[in-house]
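Given the coordinates of chain Z, work out where chain S with the ligand should sit on it, guided by the hints.
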Amino acid sequence: MSQLDWSLTEERLALAKTVLDMSAALDDQLQLALDESGMSWIGIEESEGGSGGDDADLAIAIRALAGQARNASLAETAFVSAWALRQCGHSEASRHIAPAFSTANDLQAVEREGRWWVSGTARQVPATSAAQLALLPIALGDSWHLALLPISSAEIEEEDNLAGEIRTTLRFNSAPAELMLELPAHLNWIDLHARLGLARAIQISGALLAVRDLTVSYARTREQFGKPIAEQQAVAHMLASVAEQALLAEAAVATAISTPGLWNNAIAKSVTSRAARSAAATAHQVHGAMGMSEEYPLGALTTRLWSWAEEGGRAEAWENWIGRRFMEQDQPQLWESIVNPPESRHQ
Amino acid sequence: MSDITDLRAEIRSFVAAELAQQNFAPHCDSWLIGFDPDFSARLGARGLIGLMLPKEFGGRGLGVNERLVVSEELLAAGAPVAAHWFAERQFAPSVLRHGTDAQQQEWLPRVTAGNAWISIGLSEADAGSDLAAIRTRADKVDGGWAITGAKLWSSGAHTAHAIVVLARTGGERHDGLTQFIVRLPNPAVHIRPIPLISGEHHFNEVAFDSSFVPDGDVLGPIGNGWNQAMQELAFERAGPERYLSTLPMLQALLPGLGHSSPTAADLGRCIAEITSFRTINQRVAEQLSAGATASIEIPLLKSLGTSFEQGTVQLALDLVADASRAFPPSDQALALLREAQFQSPGFTIRGGTNEVLRGIISKGLSR
Ligand SMILES: Cc1cc2nc3c(=O)[nH]c(=O)nc-3n(C[C@H](O)[C@H](O)[C@H](O)COP(=O)(O)OP(=O)(O)OC[C@H]3O[C@@H](n4cnc5c(N)ncnc54)[C@H](O)[C@@H]3O)c2cc1C
Chain Z
0 MSQLDWSLTE
10 ERLALAKTVL
20 DMSAALDDQL
30 QLALDESGMS
40 WIGIEESEGG
50 SGGDDADLAI
60 AIRALAGQAR
70 NASLAETAFV
80 SAWALRQCGH
90 SEASRHIAPA
100 FSTANDLQAV
110 EREGRWWVSG
120 TARQVPATSA
130 AQLALLPIAL
140 GDSWHLALLP
150 ISSAEIEEED
160 NLAGEIRTTL
170 RFNSAPAELM
180 LELPAHLNWI
190 DLHARLGLAR
200 AIQISGALLA
210 VRDLTVSYAR
220 TREQFGKPIA
230 EQQAVAHMLA
240 SVAEQALLAE
250 AAVATAISTP
260 GLWNNAIAKS
270 VTSRAARSAA
280 ATAHQVHGAM
290 GMSEEYPLGA
300 LTTRLWSWAE
310 EGGRAEAWEN
320 WIGRRFMEQD
330 QPQLWESIVN
340 PPESRHQ
Chain S
0 MSDITDLRAE
10 IRSFVAAELA
20 QQNFAPHCDS
30 WLIGFDPDFS
40 ARLGARGLIG
50 LMLPKEFGGR
60 GLGVNERLVV
70 SEELLAAGAP
80 VAAHWFAERQ
90 FAPSVLRHGT
100 DAQQQEWLPR
110 VTAGNAWISI
120 GLSEADAGSD
130 LAAIRTRADK
140 VDGGWAITGA
150 KLWSSGAHTA
160 HAIVVLARTG
170 GERHDGLTQF
180 IVRLPNPAVH
190 IRPIPLISGE
200 HHFNEVAFDS
210 SFVPDGDVLG
220 PIGNGWNQAM
230 QELAFERAGP
240 ERYLSTLPML
250 QALLPGLGHS
260 SPTAADLGRC
270 IAEITSFRTI
280 NQRVAEQLSA
290 GATASIEIPL
300 LKSLGTSFEQ
310 GTVQLALDLV
320 ADASRAFPPS
330 DQALALLREA
340 QFQSPGFTIR
350 GGTNEVLRGI
360 ISKGLSR
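Chains Z and S supply the protein sequences, listed in that same order.
Per numbering that gives the first Met the number 0, the first sequence starts with residue 0, numbered consecutively.
Per numbering that gives the first Met the number 0, the second sequence starts with residue 0, numbered consecutively.
Extracted from the complex, chain Z is given alone in its bound form (with noise of 0.2 angstroms):
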């Protein structure tokens, strides 16, 4: 099997298109568009209302996203929370759910005449202004849960990340929640955390893609001295090195997305984090001062790969697990590690 690829079926490629037409021709709309197409249910059974399909569809619908710098909301609500609703064997196809997977948290929940009431902070909440609920994990004794609430019930700060898309900080004070579901005992709150930074990582991916494509297509369009800047060793290395940044963080998702779980995960985070920090800063070199400008699209990508190289555990904290998992193995093996993930053994 080649990993690599995982993206490539006709179907995929349509699929691919018809995101990129879209995001292409609405603006405000593209929300709503992708709500009306089914897109935004890709990854939930027919069944049960959604529109069918499994995470390389999502991923592929993503990573076209990313790749235009749009802020539809896919990634968290169809990725993350739909994903997170469907280990607990739960569904919902009408409604947009914000995950608040981003950074610990300190909530609580109380039962109280049949309802379950919760209190506590979930700050860099995404998606809360696509989004109708909240999805919050809760620790309750041993096992972790997840509570269903309506985002108007909490205390709302939003605040912009780098690339101006809104994350934000709910408070809430004995809310009561819509559902209380019980997570599978072999998951608990860094999965959620993980599945948030594979989302990143796909979207890292995707505006990796577009990044490569537009530095080579400036480098071989503008011209100094007398010839395309390309043309300058010094460029022709930059250009190199950001295509090999994109591929190294293209393959990290597409490993993790034909083989999920825990390890995979935040192995795509932390690769395509590191990724996006290098070739972020490459592309603008390659630029000069065009890069700068507002105007012009690559700050839109830049901007938000900074953002995403944080969001979702950044690469070091990613890489910290990796290395503590390996080394708590009794004899840890490098190469039966690499072959044979120590998670996969344990499941």
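These are calculated hints, taken from the structure and not from any lab test.
Treat the numbers as computed from the prediction; the structure is a model and nothing was measured.
Mixed in with the good hints, there may be bad ones.
Quick look at which bits of chain S chain Z covers, simulated, 3 or more residues with Cβ under 8 angstroms [to be verified]:
1) 110-122
2) 187-196
3) 310-322
4) 330-341
5) 348-362
Every residue, glycine too, gets a C-beta built ideally from N, C-alpha and C.
Just chain S with the ligand now, kept in the frame of chain Z:
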């Protein structure tokens, strides 16, 4: 030596008083984005701008090392020096060396008073690294020159009293270029903002359409523009703004860091590198004041320093995420990090890209 010590004490007490009165909040890249005419005026009133200029123009007639002390103290504090920075750094030395008596009488006292805000009109759409490709031209007309063309990325042109325009008066490539002091605002000059990726407005497109400039505003001999621009670029590249742009951010992030922080070694490296950059800077400043603008240590310092600055942004992100922090970074520190991250791509581009500088360095090494 004691002069230097006294001067450092003087500038520090000025900065401390300004901070105490909350006259400014520290910023990254404050020499480019910290535009505060009142601050510049107060600094000028204390005789702390243009220290190297002769006393008759309001300067102190001091040497390069004295100027360096004042510059580095202001930058390290993140003080808002953008209004007068270009004027002091490159315009004043150029006017002193190439300007007419009338130009010196008019401009130099204004520079030392902090009341000359100058923009640099070198780059154009098709002339970035390849500066000799500029096409903006000046045609001789009665009593002056008519300038036609457009400058790009002109920092601060929208607030400046004048932009120094390098334009073609004949010849090709490096020959036949001349510098003009074009007064602003000017009904014959059109300034269009170019918002940065942060959304902020610092640089501009400046368009000229047969814009008249009187003979009295030609800077230096006709056809000497390239040499003058190269001298200015040497001043532009050889200062502490090439390694201190992000220092206020690093300082603001320190509170709350654990002593056993894994990033202590990174901070140690910052200190070690900045210390070395200062030594190089003192050396190139002396070379510059002796007139040696072609020193390869100037591009070496700029390329080393600006790469370092970019690295500090990554370090800052690490410091923010440092799990051993006793308490989270302040809102002000986070705002400085955001500011630095938005500015960071420009560090290794403005004033000559690192690739071009390295080309100059390697040519210089094989001479
Ligand atoms: C924040 C900021 C402020 C600025 N302020 C001013 C200002 O006030 N006044 C002003 O006149 N200009 C200003 N500039 C413009 C600056 O001087 C130019 O950006 C710079 O000279 C590079 O030119 P360019 O942007 O056109 O890039 P290009 O010259 O197009 O370079 C693009 C890429 O090609 C590479 N390259 C080009 N030629 C070669 C070569 N021969 N060998 C190897 N690599 C090469 C470059 O290194 C770069 O990576 C500013 C720029 C910035 C970013």
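Here is how each hint holds up against the structure:
1. Here the stretch 110-122 of chain S counts 1 residues with a CB under 8 angstroms from a CB of chain Z, which misses the bar of 3, and the coverage is violated.
2. With 4 residues having a beta carbon nearer than 8 angstroms to a beta carbon of chain Z, the stretch 187-196 of chain S meets the requirement of three or more and the stated coverage holds.
3. Check on the stretch 310-322 of chain S: 4 of its residues sit with their Cβ under 8 angstroms from a Cβ of chain Z, so the three-residue criterion for coverage holds.
4. Note: the stretch 330-341 of chain S has 3 residues with beta-carbon separation from chain Z under 8 angstroms; the three-residue rule is met and the coverage holds.
5. Against chain Z, the stretch 348-362 of chain S contributes 7 residues with a C-beta closer than 8 angstroms to a partner C-beta. That satisfies the three-residue criterion, and the hint holds.
Checked against the numbered hints given earlier, this structure breaks only hint 1.
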